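As you go down the protein sequences, you meet chains Y and A in turn.
Everything in the first sequence is counted per this note's numbering, starting at 5 for the first residue and increasing by one.
Everything in the second sequence is counted per this note's numbering, starting at 5 for the first residue and increasing by one.
Check the hints yourself; a few may be wrong.
In this list, chains with the same sequence are indistinguishable; a pair is considered to hold if it fits within one copy or across any two.
What the hints assert, rightly or not - Computed cross-link-like contacts, DMTMM-like style, restricted to lysine to aspartate or glutamate with a CA-CA straight-line distance of at most 20 Å: (1) Lys-22 x Glu-191; (2) Lys-22 x Glu-63; (3) Lys-20 x Glu-43; (4) Lys-22 x Glu-45; (5) Lys-198 x Asp-23; (6) Lys-113 x Glu-165; (7) Lys-113 x Asp-167; (8) Lys-22 x Glu-43; (9) Lys-22 x Asp-143; (10) Lys-20 x Glu-45; (11) Lys-20 x Asp-66; (12) Lys-113 x Glu-43; (13) Lys-198 x Glu-45; (14) Lys-20 x Glu-98; (15) Lys-22 x Glu-165.
The hints are simulated quantities; they were obtained by calculation from the structure and are not laboratory data.
A quick note: this is a predicted structure, and the numbers were derived from the prediction, not measured.
2 protein chains.
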Amino acid sequence: MAKAHPPTPPRAHYQKIKDHLVRDMARGRYPPGALMPSEAELVVQFGVSRMTVNRALRELNDSGMVNRVQGVGTFAAPMNRLASTLTIRNLHEEIEARGHQHHAVVHLKRAETVTAALSPRMGLPVGAPVFHTLIVHFDNGVALQCEDRYVNPARAPGYLEVDFSQITPTQYLLQVAPLWQAQYAIEAGHATRKEARLLGISVAQACLIVQRRTVSRNTPITCVRLVHPGALYTLQGQFKP
Amino acid sequence: MAKAHPPTPPRAHYQKIKDHLVRDMARGRYPPGALMPSEAELVVQFGVSRMTVNRALRELNDSGMVNRVQGVGTFAAPMNRLASTLTIRNLHEEIEARGHQHHAVVHLKRAETVTAALSPRMGLPVGAPVFHTLIVHFDNGVALQCEDRYVNPARAPGYLEVDFSQITPTQYLLQVAPLWQAQYAIEAGHATRKEARLLGISVAQACLIVQRRTVSRNTPITCVRLVHPGALYTLQGQFKP
DNA sequence: CAGTGGTCTAGACCACTCG
DNA sequence: GAGTGGTCTAGACCACTGT
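Start from the sequences and build out the full structure, keeping to the hints where you can.
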């Protein structure tokens with residue numbers, strides 16, 4: 005008994021076990037923090053091998069539905085947080101996906117030296133060379149984003165030669181230094197006077213401001229401030245259990 | 005040969021394979037879209053079983069680093085988007101985690117009927133009963149969030165009896181209807197006059213506005229509008245490859 | 001058809017935690 | 001010590017895709 009019957013389409017064993025456990029959690033059988041069945045118990049209950057049970061529980065653990073502790077057991081996760089995959093897409097791609105036209109105006113593209121204020125954000129010493137660009141992105145002629153970016157020259161030597169009306173800095177940097185590690189902060193605020201002028205908005209207008217620092221292989225790549233006029237730009241996402 | 009030596013601490017075989025492939029992708033050996041080694045090839049290259057290779061590739065696939073197509077092969081993913089897990093935490097928990105004091109003031113808690121404007125958002129017919137709360141949350145006495153929430157009575161019959169100075173609506177709803185599916189939108193905007201008054205801010209102040217609709221088992225649970233005075237509230241996250 | 005990935009088994013050894 | 005999870009193997013059958 006316990007043959008390897010369901011190959012793919014009906015439903016994999018490990019998936020059935022996941023579904024079963026999730027259903028029981030939803031029914032309140034395993035309230036937050038409750039001890040869930042051990043692998044050995046599920047093996048006999050479902051008549052499958054431990055590898056299969058292990059995969060089900062491991063995937064539930066990876067998705068945050070349960071917490072596993074070696075030597076102790078598997079516990080229903082508190083479910084007191086909503087975690088969602090937020091995809092920060094390339095702006096160009098995003099605009100084209102809407103069937104709109106994207107174009108960018110480069111207001112500044114030059115080498116500078118790191119100031120005391122920038123040093124901690126970029127992780128470079130004061131006085132070190134740094135590339136600086138200021139670009140406004142348009143969606144069908146409407147200013148959608150003001151991108152104020154500093155780039156580590158050591159990681160993207162050719163940055164200043166790139167034609168940013170053809171390729172976005174994000175696209176270029178992903179090519180020369182892929183596999184980022186990024187930290188970001190999203191908040192509401194107001195554009196600076198200069199940013200407001202470039203975006204054609206009032207400084208009183210609420211803006212969605214994203215600040216992002218990215219690091220690759222332990223060296224800083226870039227830090228950027230993205231200012232979007234409110235009501236024009238929305239981050240959307242979805243959470244699924 | 006090929007014993008099961010590295011149990012956990014040194015580094016698991018499947019993890020070594022993942023690291024190796026990720027490093028090669030970062031070095032440009034597998035540009036976006038490139039065909040990556042098959043499971044059989046990696047089996048001989050690393051001297052491990054196919055299950056182990058399969059786990060490495062499956063996890064890379066799950067995290068979006070590669071794309072696998074049955075019958076065809078494994079391909080390096082485009083890497084043209086940054087995906088990040090954004091965790092929307094319970095506000096109470098978040099404030100306490102900062103070592104601050106949280107309290108809430110309930111300005112409205114009653115049953116109403118669904119209006120034409122609300123109907124599509126809640127997924128309930130016009131005229132149906134609906135619970136409505138308006139609560140302001142404070143962090144050390146500073147108004148941090150105005151929470152305007154509608155709740156489906158069918159899914160949370162006891163909602164109006166809850167003491168929301170002791171437990172947040174989010175906490176309560178997670179208890180009675182766990183395992184949400186949620187859609188959210190984050191944007192910058194301005195508070196309404198009423199919201200501004202409750203938060204003690206000016207309507208000119210930029211605010212971070214989160215709108216969230218949640219569904220559980222195909223029935224709507226709640227929809228909420230959260231208004232945070234800008235500069236007081238930041239969503240943060242991190243992306244790792 | 002050969003080659004790919006998707007799933008599964010019945011064992012195994014290990015590290016960890018608890019009483 | 002017994003019980004837990006973490007990892008691994010050497011096979012296996014299947015579905016899918018291409019030529």
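Results for each hint:
In the homo-oligomer, the alpha carbons of Lys-22 and Glu-191 never lie at most 20 Å apart, since the shortest distance is 37 Å inside one protomer and 35 Å across protomers. In this assembly of identical chains, Lys-22 and Glu-63 lie within 20 Å of each other by CA distance both inside one copy and across copies; the values are 8 Å within and 17 Å between. Taking the shortest Cα distances, Lys-20 and Glu-43 sit within 20 Å of each other inside one copy (14 Å), while across copies they are farther apart (26 Å). Taking the shortest alpha-carbon separations for Lys-22 and Glu-45, only the intra-copy value of 14 Å comes in at or below 20 Å, while the best inter-copy value is 31 Å.
For the homomeric pair Lys-198 and Asp-23, neither the shortest alpha-carbon distance inside one copy (54 Å) nor that between copies (44 Å) is at most 20 Å. Proximity of Lys-113 and Glu-165 under a CA criterion of 20 Å is satisfied intra-copy only: 9 Å inside one chain copy versus 60 Å between copies. Proximity of Lys-113 to Asp-167 under the C-alpha cut-off of 20 Å is restricted to the intra-copy arrangement: shortest distance 10 Å within a copy versus 56 Å between copies. Taking the shortest Cα distances, Lys-22 and Glu-43 sit within 20 Å of each other inside one copy (12 Å), while across copies they are farther apart (26 Å).
Proximity of Lys-22 to Asp-143 under the C-alpha cut-off of 20 Å is found in neither arrangement, the shortest distances being 43 Å within a copy and 39 Å between copies. Taking identical chains as interchangeable, the C-alpha atoms of Lys-20 and Glu-45 lie at most 20 Å apart only when both belong to the same chain, with a minimum of 15 Å there against 31 Å between chains. In this assembly of identical chains, the alpha carbons of Lys-20 and Asp-66 lie at most 20 Å apart whether taken from the same copy (17 Å) or from different copies (19 Å). Taking CA atoms no more than 20 Å apart as the test, Lys-113 paired with Glu-43 passes in neither setting, with 58 Å inside one copy and 45 Å between copies.
In this homomeric assembly, Lys-198 and Glu-45 never come within 20 Å of each other (Cα to Cα): the closest approach is 65 Å inside a single copy and 56 Å across copies. In the homo-oligomer, the alpha carbons of Lys-20 and Glu-98 never lie at most 20 Å apart, since the shortest distance is 36 Å inside one protomer and 35 Å across protomers. In this assembly of identical chains, the alpha carbons of Lys-22 and Glu-165 never lie at most 20 Å apart, being 52 Å within a copy and 34 Å across copies at closest.
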